[in-house]
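Chemist: Sequence:
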Amino acid sequence: MAQFFGGRSKFLVIMQKANYITAIIMWIILVYLIYRYVGQFRSASIVSFVILNVLYLPIMY
Numbered sequence: 033m034a035q036f037f038g039g040r041s042k043f044l045v046i047m048q049k050a051n052y053i054t055a056i057i058m059w060i061i062l063v064y065l066i067y068r069y070v071g072q073f074r075s076a077s078i079v080s081f082v083i084l085n086v087l088y089l090p091i092m093y
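If you're matching positions, the sequence shown starts at 33 in the numbering used here and goes up one per residue.
Accuracy of the hints is not assured; some may be wrong.
[Said to hold, decoys possible] Derived DEER-like restraints, expressed as beta-carbon distance ranges:
hint, residue 1, residue 2, range
1, Val86, Met47, 12 to 22 Å
2, Gln48, Tyr69, 29 to 39 Å
3, Arg68, Val45, 33 to 43 Å
4, Ile46, Arg68, 26 to 36 Å
5, Ile46, Ser77, 30 to 40 Å
6, Ile53, Leu84, 11 to 21 Å
7, Tyr67, Val45, 29 to 39 Å
8, Leu87, Ala50, 16 to 26 Å
9, Tyr69, Met47, 25 to 35 Å
10, Arg68, Met47, 26 to 36 Å
No lab work stands behind these hints: they were computed from the structure.
The structure presented is a predicted model; accordingly, all values stated were derived computationally and were not measured.
All C-beta atoms, glycine included, are put in the ideal place defined by N, C-alpha and C.
All chains, please: the whole structure from these sequences, using the hints.
Modeler: Take a look at the structure:
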């Protein structure tokens, strides 16, 4: 593990941050579209759903 992550640790960290930021931006766009079409009726559940997904994203990556 140490040898594998030794040389590429900085690159892997940058890639993970880039993937994480991209996923957050995609979620924000998705939530915005859902919010516009569905309206304020389900906004609270959508926001909580997205917060949970954002919290679980680093585990997936």
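Chemist: Against each hint, give a clear statement of whether it holds in the structure.
Modeler: Evaluated hints:
Look at Val86 against Met47: about 18 Å separates their beta carbons, and that is inside 12 to 22 Å. About 32 Å separates the C-beta atoms of Gln48 and Tyr69, a value consistent with the hinted range of 29 to 39 Å. Distance hint check for Arg68 and Val45: the Cβ-Cβ separation is about 35 Å, which falls inside the suggested range of 33 to 43 Å. The hint said 26 to 36 Å for the Cβ distance between Ile46 and Arg68, and at roughly 33 Å that hint holds.
Ile46 and Ser77 have their C-beta atoms about 34 Å apart, which keeps the hinted 30 to 40 Å range intact. The hint said 11 to 21 Å for the Cβ distance between Ile53 and Leu84, and at roughly 18 Å that hint holds. Judged by the Cβ atoms, the range 29 to 39 Å given for Tyr67 and Val45 holds: they are separated by roughly 32 Å. For Leu87 and Ala50, the hinted distance range of 16 to 26 Å is satisfied, since their beta carbons lie about 19 Å from each other.
Distance hint for Tyr69 and Met47: a CB-CB separation of about 33 Å, consistent with the stated range 25 to 35 Å. Between Arg68 and Met47 the CB atoms are about 32 Å apart, so this pair conforms to the stated range of 26 to 36 Å.
Going down the numbered hints, you'll see the structure goes against none, and every one checks out.
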